[in-house]
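*Asks:* Here's the letter readout for the chains.
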Amino acid sequence: MNPPSDRSQIPDWGVDLDPGRRPAVPMERTLPRLEGVHWERPTQQRRTVEILHSVERPGVTPVFGTSVPPSGLSGWIRRRAFRRSESDMRHWMLLLLADRVNVVEGLLDDARRSPRARAAAFGLAGAALAVWVLRRRRA
Amino acid sequence: MLATTYRRPYRVRAAQVPDPVLEHPDDAIVRVTRACICGSDLHLYHGLVPDTRVGSIFGHEFTGIVEEVGANVRNLQVGDHVLVPFNVFCGTCASCSRELYGNCENVNPEATAVGGAYGYSHTAGGYDGGQAEYVRVPFADIGPTVIPPDIHIEDAVLLTDVVPTGYQAAEMGDIHENDTVVVFGAGPIGLMAARCAWLMGAGRVIVVDQYDYRLEFARRFAQAETVNFREVKDMAVHLKKMTGWRGADVCIDAVGCEADGNLVQTLVGVKMKLQAGAATALHWAINSARRGGNVSIVGVYGPTFNAVPIGSAMNKGLTLRMNQASVKRHLPHLIEHVRAGRLRPRELITHRVPLEEVDEAYHRFSAKEDGCIKTVLVPPRAGRADVAPAASSPAPVQLH
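If you read the sequences in order, they're chains A and B.
First residue of the first sequence? That's 1 in UniProt numbering, and the numbers climb one at a time after it.
First residue of the second sequence? That's 1 in UniProt numbering, and the numbers climb one at a time after it.
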């Protein structure tokens, strides 16, 4: 712990003391001072991938991100999550579950792409096949 | 292009991914010149934000040079060097019409409770982020701000989130002359909030954290009194004693859902995920504020629920204010503060690393190693962006 600072030693102390100088006062300011808007409603973005949307709104928004569309088992879980509202705890818990499943999918995908992992998988498969053949011969 | 992609909790990777393309006539493609790792990126990194998909590109604090613009873009030109607020916003919906750009209703189909943000999971709209070589920027005519020629690029990149969020944290505290302000969290946002509290006339500024190097930084950067909560038996009692048994006029939660300091909160919120993170800082904020005081929340929490003493907040007559920063409305004022030297955001930067080393950078920041406060990533194709080029069009700072 250190002693309190003397405000007279603080550079620019109180320069925004007047709330009128604070740009977000009042919180809701109309009309907005934003320049450069030349549309009344944003043009609808074309859907090129599957976009999930909250059941608390009628459809997708005019603009959206298209990163990593749902796929695989995690995508299946996400689709089910989006059948429930944001106010339903199960919506979020299913999404967290999907995230964990997606991690496993990512690891498998990494393994598929890695030459070392592929070689290890082939080696394991070959060894398993050899064991199976040897067992059959003994029998 | 090279980009920071999420692989699993505690693991990101700089990987080659396809370049972004224009997907809407109001889009631009920006070549990133600087990107930061934000404290809230750690919530993604730790796997706490629902709908964080493997392969997502992180990063909501970035500057860049406009490479390509959509058919409807009028105000931005190829070659402009811009800072891009972390909010994605349309400028015309009911929220944007009230200058609540962090709460835009037209950019996030996945969650009505959350606005749009770059690189912050599908819960924030599913946009790819700026910790990459290129990024798609929607609503290019209103989102990006051309960096004024006299603003350093490292100040510019911190104007996309850290400075406005810190400033808004103080602003939402409704600070009056000589108020005592307690800031929980000595990360970049908390440090900036502490500095801004002085600008708004605070009489005392107290910063609470557990890391001595950060508290030392708070004393130097924000001339704040500091408290290490590891050395304190009971936070509320300690702050009451410090304030003549009254409590602080304003408490700011600049920590969010991964707070340390309470084993039960950490166990239930972070480890078991039975609530939306550990609300320890918010708990302390409510219990340390004076009767009739203000609590300002900019720490990020998950979308489910948190155990906080709402009954005490009610009985004490507290005002709780919170939001994502509405970056664009703050920028003109904050650019003037930076220009005048009243705020010097780039002093927060402790690490500058190539994008290729992003995995190590996340680990260092997450583990609080090597005195890390703020990390800036430099993509391979950033070019000579250390000096901001002369703007080809005047900076749009006419909001006020």
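Check the hints yourself; a few may be wrong.
[Stated by the list, open to error] Stretch-level coverage of chain B by chain A, calculated; a stretch enters the list once three of its residues show a Cβ under 8 angstroms from a Cβ in chain A:
hint: 1; stretch: 4 to 13
hint: 2; stretch: 115 to 129
hint: 3; stretch: 218 to 224
[Claimed, not checked] Across the chosen pairs, the derived CB separations fall in these ranges:
hint: 4; chain 1: B; residue 1: R11; chain 2: A; residue 2: L73; range: 47 to 57 angstroms
hint: 5; chain 1: A; residue 1: D12; chain 2: B; residue 2: A307; range: 36 to 46 angstroms
hint: 6; chain 1: A; residue 1: W39; chain 2: B; residue 2: D212; range: 44 to 54 angstroms
hint: 7; chain 1: B; residue 1: V237; chain 2: A; residue 2: P4; range: 14 to 24 angstroms
hint: 8; chain 1: B; residue 1: V237; chain 2: A; residue 2: G72; range: 44 to 54 angstroms
hint: 9; chain 1: A; residue 1: A128; chain 2: B; residue 2: H363; range: 33 to 43 angstroms
hint: 10; chain 1: B; residue 1: H363; chain 2: A; residue 2: R116; range: 22 to 32 angstroms
hint: 11; chain 1: A; residue 1: V15; chain 2: B; residue 2: D150; range: 15 to 25 angstroms
hint: 12; chain 1: A; residue 1: T30; chain 2: B; residue 2: D150; range: 30 to 40 angstroms
hint: 13; chain 1: A; residue 1: A128; chain 2: B; residue 2: P354; range: 37 to 47 angstroms
hint: 14; chain 1: B; residue 1: I310; chain 2: A; residue 2: A111; range: 42 to 52 angstroms
hint: 15; chain 1: B; residue 1: E336; chain 2: A; residue 2: P69; range: 20 to 30 angstroms
hint: 16; chain 1: B; residue 1: K368; chain 2: A; residue 2: P3; range: 23 to 33 angstroms
[As the list claims (entries may be wrong)] So these bits of chain A aren't anywhere near chain B, every CB distance computed over 10 angstroms:
hint: 17; residue: W13
hint: 18; residue: G36
hint: 19; residue: P70
hint: 20; residue: S114
hint: 21; residue: A117
hint: 22; residue: A119
hint: 23; residue: V131
Since the hints were made in silico from the structure, they are not lab data.
Because the structure is a prediction, the values reported are computed rather than measured.
The beta-carbon is built from N, C-alpha and C at its ideal position, and this holds for glycine as well.
*Asks:* Hints broken by the structure, by number, lowest first?
*Replies:* 4, 15, 17, 18 and 19
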